[in-house]
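Construct all of the structure, not just a fragment, from the sequences and the given hints.
Number of protein chains: 2
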Amino acid sequence: MFSKLGQRKSLTEQVEEELTAAIRAGKYLPGQKIPTESELCQIFNVSRTAVREAVKKMSARGIIKVRKGSGAYVSEVSVQNASEILNMFFELSSNEDLVLHTIDARQIIEPMLAARAAKSRTEHHIDLLRKNMKNMRSCALDDKKREAELDNDFHNTLLSITGNEVLELLLGPIFSLMPKFKTSVFAKPTSGNLLEAKNSMLEHHQNILEAIERKDAVTASEAMKNHLLETRANYVRSIN
Amino acid sequence: MFSKLGQRKSLTEQVEEELTAAIRAGKYLPGQKIPTESELCQIFNVSRTAVREAVKKMSARGIIKVRKGSGAYVSEVSVQNASEILNMFFELSSNEDLVLHTIDARQIIEPMLAARAAKSRTEHHIDLLRKNMKNMRSCALDDKKREAELDNDFHNTLLSITGNEVLELLLGPIFSLMPKFKTSVFAKPTSGNLLEAKNSMLEHHQNILEAIERKDAVTASEAMKNHLLETRANYVRSIN
DNA sequence: AATATATAATTTATCAGACATCATACAAAT
DNA sequence: ATTTGTATGATGTCTGATAAATTATATATT
Chain A
4 MFSKLGQRKS LTEQVEEELT AAIRAGKYLP GQKIPTESEL CQIFNVSRTA VREAVKKMSA
64 RGIIKVRKGS GAYVSEVSVQ NASEILNMFF ELSSNEDLVL HTIDARQIIE PMLAARAAKS
124 RTEHHIDLLR KNMKNMRSCA LDDKKREAEL DNDFHNTLLS ITGNEVLELL LGPIFSLMPK
184 FKTSVFAKPT SGNLLEAKNS MLEHHQNILE AIERKDAVTA SEAMKNHLLE TRANYVRSIN
Chain B
4 MFSKLGQRKS LTEQVEEELT AAIRAGKYLP GQKIPTESEL CQIFNVSRTA VREAVKKMSA
64 RGIIKVRKGS GAYVSEVSVQ NASEILNMFF ELSSNEDLVL HTIDARQIIE PMLAARAAKS
124 RTEHHIDLLR KNMKNMRSCA LDDKKREAEL DNDFHNTLLS ITGNEVLELL LGPIFSLMPK
184 FKTSVFAKPT SGNLLEAKNS MLEHHQNILE AIERKDAVTA SEAMKNHLLE TRANYVRSIN
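Going down the list, the sequences are from chains A and B.
Going letter by letter, the first sequence gives residues 4 to 243 in my numbering.
Going letter by letter, the second sequence gives residues 4 to 243 in my numbering.
Simulated from the structure, these hints should not be mistaken for laboratory data.
Treat the hints with care, as some may be off.
[Claimed, not checked] Some but not every residue of chain B turned toward chain A, in silico, with C-beta under 7 Å:
1. E56
2. K59
3. R64
C-beta atoms are modelled at their ideal positions from N, C-alpha and C, and glycine is treated no differently.
Okay, here's the thing in structure tokens:
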């Protein structure tokens, strides 16, 4: 049979690929300015339209950053940048399956994270976690949005203790996905006793914090595991 | 004092935000066609330039897919798409720190992954892993590229056993990062005995496989932990 | 009537040129 | 020395035109 004829790519795509390749090859380093639009027009012998659309795509991918009146600069490939894009993905595709898989993923990862945190935490971290719990206790019972943010904050603090930027990149967006569905979960009247749910959550956080405080990795891991088991149960109950 | 004037965003960005919001709100469902460029011009009362650049950005983000002569369609937000973007990030920023953090992240995640796999594996999975090891054994000693791919394949198979698409999204790009640095590591003459290194790796994989085969979660987890400890040690040695 | 085939209409891709807006550097004025 | 004005170059936006791909419609053929 005939192999599909390589449908020639659009000019925009070609420009995008070449430019991206040049950046990957190190021709333009992070922070450096890439050629101006008119220069790129001459280099690739295409119109400004093609160049600009390629540039727009690359900026959407986080490869470059365009500053009006100044030029386009190669982005410092920061974790933050990739994280934003991941965030967008989770925002756009928050179906029930995804949320469930997200919680499952957390069940696999976070217990070990808590264990690690127990080993390498400093007094500063303990302070942060204590303050978080204090805020959580004083948070109004019906302010589910703030409660979710504080919960998010608690887990993010644990995450930051590891100082692992890859984990932060991967888990950050996952954590920030939770508040969105959590508010919708607890918005339902079927969610049972709000006070009970909050107290249970506080208790779990307290257990985790105490274990981390006394550098007890095993208990910290177990406490986190229990915490997420309940989180999962709450979610499953809410969608049934 | 005057409050800082909210720097008005560019038309392109405004169009992009509004359109994305509309899609998120479900006004245009996956697979459906969004209005044509000229219609969008009328809707937002801007030029085609602004509309097209917004559309290009959204297509770069994987939100829509444009078909020439036909129109732009909301894409099924697939994990694959987000994975591509993550991949690009790792490709663009593969410094030593990142690789180290990547291995650390794997040390945190993969032992539990192996434990889960031990619980839910089927005969089919065992077959796949056995075939992988067979291929690995018959792989030429100096073909480090293929060896890295096979190693990648082994871990990806374990990953697929969980059937968790979130984990696959997050870990897939991490796994595919390894072959790139691995080849460079073993390309160095300082890497010691190649045969010894390969046999050690094979042994670790064998231990993991056997534990999974007899559904022994604890041992599988331990074996994976040991495997990654050595991987890390190899890498650290190679960069010193 | 059913099926190709050709034609027209629609839609995106690309080009060219113009003006607006912002950033920056430098000269001029205070 | 600081501020102000001005010139230059960069990106942002608009308009209008042509090319290329797709889709719909009409026509012709069997």
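> Looking at the structure, which of the earlier hints fail to hold?
Replying inline: none
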